[in-house]
Amino acid sequence: MSKLLSVEHLSKHFLLSGGWFGPERRLDALTDINLSVEAGETLAIVGESGCGKTTLGRCIIAAQSTSEGRVVYHPTSGGDVELTALSKREIKPWRQDIRMIFQDPMSSLNPNMRVFDIVAEPLRIHRICKGRELEERVISTLEKVGIPAEAVGRYPHAFSGGQRQRIGIARALVLDPRLVIADEAVSALDVSIQAQVLNLLEDLKDEFGLTYIFISHDLGVVNYIADRVVVMYLGHVVENAPTEMLFEQPRHPYTELLLEALPIADPLRRKGRKKEVRGEIPYLGNRPAGCPFHTRCKYAEDVCRKDKPALRPINGTAQEAACHFAEKLELKGAYEDAPIGHGVEASLDASRRPHVHQSGGDGSTAEFARNLPE
Amino acid sequence: MAENPILTIKDMSVSFSSPDEADIEAVRQVDLTLTPGKTLALVGESGCGKSVTARAVLRLLDNNAEIRRGSIRFEPEGQAPTDIARLKPDSLPLRAIRGNQIAMIFQEPMSSLSPVHTIGDQIDEMMIIHEGLKPKAARERTVALLDQVGIPGARERADAYPFQLSGGLRQRAMIAMALACTPQILIADEPTTALDVTTQAQILDLLRQLQADFGMAMLFITHDLGVVAEIADEVAVMYLGDVVEQGSVYDVFARPSHPYTQALMNSIPKLARKADRVRLSPIKGTVPAPKDRPEGCAFTSRCPYAFEPCPTIRPAQTDVGNGHHARCHLLTRVPVEEPA
Numbered sequence: 001m002s003k004l005l006s007v008e009h010l011s012k013h014f015l016l017s018g019g020w021f022g023p024e025r026r027l028d029a030l031t032d033i034n035l036s037v038e039a040g041e042t043l044a045i046v047g048e049s050g051c052g053k054t055t056l057g058r059c060i061i062a063a064q065s066t067s068e069g070r071v072v073y074h075p076t077s078g079g080d081v082e083l084t085a086l087s088k089r090e091i092k093p094w095r096q097d098i099r100m101i102f103q104d105p106m107s108s109l110n111p112n113m114r115v116f117d118i119v120a121e122p123l124r125i126h127r128i129c130k131g132r133e134l135e136e137r138v139i140s141t142l143e144k145v146g147i148p149a150e151a152v153g154r155y156p157h158a159f160s161g162g163q164r165q166r167i168g169i170a171r172a173l174v175l176d177p178r179l180v181i182a183d184e185a186v187s188a189l190d191v192s193i194q195a196q197v198l199n200l201l202e203d204l205k206d207e208f209g210l211t212y213i214f215i216s217h218d219l220g221v222v223n224y225i226a227d228r229v230v231v232m233y234l235g236h237v238v239e240n241a242p243t244e245m246l247f248e249q250p251r252h253p254y255t256e257l258l259l260e261a262l263p264i265a266d267p268l269r270r271k272g273r274k275k276e277v278r279g280e281i282p283y284l285g286n287r288p289a290g291c292p293f294h295t296r297c298k299y300a301e302d303v304c305r306k307d308k309p310a311l312r313p314i315n316g317t318a319q320e321a322a323c324h325f326a327e328k329l330e331l332k333g334a335y336e337d338a339p340i341g342h343g344v345e346a347s348l349d350a351s352r353r354p355h356v357h358q359s360g361g362d363g364s365t366a367e368f369a370r371n372l373p374e
Numbered sequence: 001m002a003e004n005p006i007l008t009i010k011d012m013s014v015s016f017s018s019p020d021e022a023d024i025e026a027v028r029q030v031d032l033t034l035t036p037g038k039t040l041a042l043v044g045e046s047g048c049g050k051s052v053t054a055r056a057v058l059r060l061l062d063n064n065a066e067i068r069r070g071s072i073r074f075e076p077e078g079q080a081p082t083d084i085a086r087l088k089p090d091s092l093p094l095r096a097i098r099g100n101q102i103a104m105i106f107q108e109p110m111s112s113l114s115p116v117h118t119i120g121d122q123i124d125e126m127m128i129i130h131e132g133l134k135p136k137a138a139r140e141r142t143v144a145l146l147d148q149v150g151i152p153g154a155r156e157r158a159d160a161y162p163f164q165l166s167g168g169l170r171q172r173a174m175i176a177m178a179l180a181c182t183p184q185i186l187i188a189d190e191p192t193t194a195l196d197v198t199t200q201a202q203i204l205d206l207l208r209q210l211q212a213d214f215g216m217a218m219l220f221i222t223h224d225l226g227v228v229a230e231i232a233d234e235v236a237v238m239y240l241g242d243v244v245e246q247g248s249v250y251d252v253f254a255r256p257s258h259p260y261t262q263a264l265m266n267s268i269p270k271l272a273r274k275a276d277r278v279r280l281s282p283i284k285g286t287v288p289a290p291k292d293r294p295e296g297c298a299f300t301s302r303c304p305y306a307f308e309p310c311p312t313i314r315p316a317q318t319d320v321g322n323g324h325h326a327r328c329h330l331l332t333r334v335p336v337e338e339p340a
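For the record, the sequence lines run as chains A and B. 1 is the number of the first residue of the first sequence in this note's numbering; add one for each residue after it. 1 is the number of the first residue of the second sequence in this note's numbering; add one for each residue after it.
Treat the hints with care, as some may be off.
To be verified - Quick list of in silico lysine-lysine cross-link-like pairs, DSBU-like style, CA-CA up to 30 Å:
#, chain 1, residue 1, chain 2, residue 2
1, B, LYS274, A, LYS332
2, B, LYS10, B, LYS88
3, B, LYS284, A, LYS205
4, B, LYS284, A, LYS144
5, B, LYS274, A, LYS144
6, B, LYS274, A, LYS328
7, A, LYS3, B, LYS274
8, A, LYS298, B, LYS270
9, B, LYS291, B, LYS88
10, B, LYS270, A, LYS144
11, A, LYS332, A, LYS308
12, B, LYS274, A, LYS205
13, A, LYS332, B, LYS270
To be verified - To be clear about the criterion: a stretch of chain B counts as covered by chain A if any three or more of its residues have a C-beta under 8 Å from a C-beta of chain A, and this derived list gives those stretches:
#, region
14, 199 to 210
15, 262 to 271
These aren't lab readings, by the way, just hints derived from the structure by calculation. Every residue gets a Cβ at the ideal spot worked out from N, C-alpha and C, and that includes glycine.
So here's chain B without its partners, still in its complex pose:
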């Protein structure tokens, strides 16, 4: 199933300006591709720019943020491609896409659902606005959707307010809302982070199954490598605003090629018996502030293998086979050296 990409982010940079400080480039260089029916997981630690990237796609960034460079090309089947980065955040063409063709699920369902409207009304509204359905017809579809995302007693629950639902049910309602207009792209920003493991497993199952039913592309943002391994087809690892490594989930986990990815994998405890237990090898130091980021590779300050070109020269994207690539000077280093 070699399909054309539905969304292509090329060389995007997002900067935040502030009246009394220098601008902060939260996202320095991001290239991502989403394909229908596939899940791309964007993984990284807090502050690496993964949420900013996701919000940039829907142009939901704060007013002081600006996409300085790059393009976000959205090309749904049978439709002329649009560069979302060129649209105005509140323009009609963008509003026709946001929530309709590209939908988003947020981390905290309690704070992203309206507390004063029932779940049903909030979902109805989407279909009334985007598809011009009559309220009655919209409610019918809402009930069907709530049923599909596994909310028991969907017809009654449509009249419930978010506070009357448990965390797991709220997140399901949120997913139903995102799916209301059968989007081609679903962006899920840490959708399971606030949930218990058992609920998380259910939600991941649900997303996987809905993807199979609707065939949408999914951009899944998480900091949890376990969740990545469960749900992703492709992985992109971000560090301090850069995508440092990208490839199929099997390749990246089998052969992490960027020192940051390797270090990240060594930081999580393996599920092993005591005899096979290895002490964790954490990454030294902490993530520097974006203003202290070196001009070259962002990971230089914590990388155990850093050498001459790292702080000053940006590593190029190097293919390590099978569409798996990383940005690291070590990959392009000529092996014969070590001068006497």
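Same shape as in the complex, but just chain A:
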């Protein structure tokens, strides 16, 4: 695998007006972010609201100016392109390669444009094709995402949320991009529709050889779709690891907290005791000194309040964490092989564990019957 994109020492701060006479206040949305995206992988960025994950996505696509650091894109043609150093005009051709899918399918499509024009617009702007060819390309892209050709003359309001998200995906894919940034692309959808869109994203990835940056707050979805996970907290990357390692054994207490908080759709694994989830994410404007997480961390010691830990590989593995005690702590992962039984749950034997058929199946009634109680 080769590197597709690198983010080096990226910082972004916003200046807030302090009122008429007050001094301007500085809000550090991103602090010294370093990460790289390999071609063909799905990199997830997770964290609570306000942690800077959307800002990071917007900085990568240069929809937002950056304060410090660089975002470097490595195109197939070779060479490095420093996206953060380019002017608006210079960056335009690279916008074909890096595309974005937005969260809210209701507000990210222009209600006054027909679906055909929404998807054709990027082709027209980049002057890629016109006439017959444009038409064919738009329609074939829409069909790939599951929007029938008859529907291209309609306006967005005539489509359901899931279909609108498909249109947003088609608009991103019509330029044949290499990197797609999906910012909470499935969060606004109902579970059954969310599953359709997740499957679609996977199929398209295989078909077009895409790379995804998948920004999400839903760790269940992230575990399903991502190859690698970056955990952010208050504008810092606190952990960066292959998905399975991260869920197996997190190395940062914040990751452990997120995994602990994750509700799992299995009542047998319900945690009878109180979850150890403490505190709330502090306001970015008064970020604590030292480790940004120390105010909520149950393992915090004096050093955490003074020194900010750097992101570093843990025990020479591909797992990186920014915690002074990353090697020492035995943190809890999210995979559990057996339910923690107690009370009623303990009395249920294995045969009563959830058994839901998983394959697509042939849809026969016989198959249905297998899932029924005797």
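Position chain B against the provided structure of chain A, taking the given hints into account.
Relative to chain A, chain B alone:
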């Protein structure tokens, strides 16, 4: 602890009328029972009628909505039963129940709290109106309540306006308000959907603990099966206005008996290692509009197992054991068939 139900909804239907369109039956058939100290989770996708059901219980529906059929029997201990469906939405007997004996928590705390009154004033008002407390006494109880729901510095925070609080604290204030008159039933309509996972976990813990303290019955509305598994004792699954399956949370998750419930469970990614990863099997198509709902089972158009009686005949409620029941023709189908 076999207690009598405190609220029984029987065969309720709610229709919305509009001047230039046919009436829409948003809730077609709902039967639910709430028991003190227990949590019933009502789960379903957007538009299935779960919020309408909850609002119907408090008669908070819009003016163009009407409960066409069925009853909502509220029978608190030591009190004569009342059929809420028969009361007028703005009548005194109903106002004595709403907010007092049955309270509600809404999804978006920012839009359901008054932005121009302090948290304390809003909670005081409840006790002043329903229990006739003096303002001073009411404030004392408010502070105690805010403390109980885990708001640090409760006495000072009582003077805060909603915008001065974080999402999690606002939702806690909302819960304190709902508990102000120690209700026997708490209806929570997606109380954690707008919150981050960590805050959500805290709020769920809080609700569980408050339920243990106050012993109230809870109707918990959500679309998140993970949250259901965490908090519910009983689950009712709704699809397009019908309760299609109902039972104890362990039974429903262990043996989902309605194709919709099964499909819903297959739509959420399991928290598994890559080796055990299974591709999601989503439900085909989308939820039809209520006007296109088949006369029979509402799920017919998306059901992989649909057969002859499904579009026309409403499936009866079939018991699959242990009080767990579902509405599906497959459950009553005679197994010997498949004609040559």
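Hints, verified against the model:
{"no.": "1", "hint": "LYS274/B / LYS332/A", "result": "holds (18 Å)"}
{"no.": "2", "hint": "LYS10/B / LYS88/B", "result": "holds (18 Å)"}
{"no.": "3", "hint": "LYS284/B / LYS205/A", "result": "holds (21 Å)"}
{"no.": "4", "hint": "LYS284/B / LYS144/A", "result": "holds (16 Å)"}
{"no.": "5", "hint": "LYS274/B / LYS144/A", "result": "holds (27 Å)"}
{"no.": "6", "hint": "LYS274/B / LYS328/A", "result": "holds (26 Å)"}
{"no.": "7", "hint": "LYS3/A / LYS274/B", "result": "holds (23 Å)"}
{"no.": "8", "hint": "LYS298/A / LYS270/B", "result": "holds (28 Å)"}
{"no.": "9", "hint": "LYS291/B / LYS88/B", "result": "holds (28 Å)"}
{"no.": "10", "hint": "LYS270/B / LYS144/A", "result": "holds (27 Å)"}
{"no.": "11", "hint": "LYS332/A / LYS308/A", "result": "holds (23 Å)"}
{"no.": "12", "hint": "LYS274/B / LYS205/A", "result": "holds (17 Å)"}
{"no.": "13", "hint": "LYS332/A / LYS270/B", "result": "holds (18 Å)"}
{"no.": "14", "hint": "199 to 210", "result": "holds (count 7)"}
{"no.": "15", "hint": "262 to 271", "result": "holds (count 10)"}
Comparing the model with each numbered hint stated earlier shows that all of them hold.
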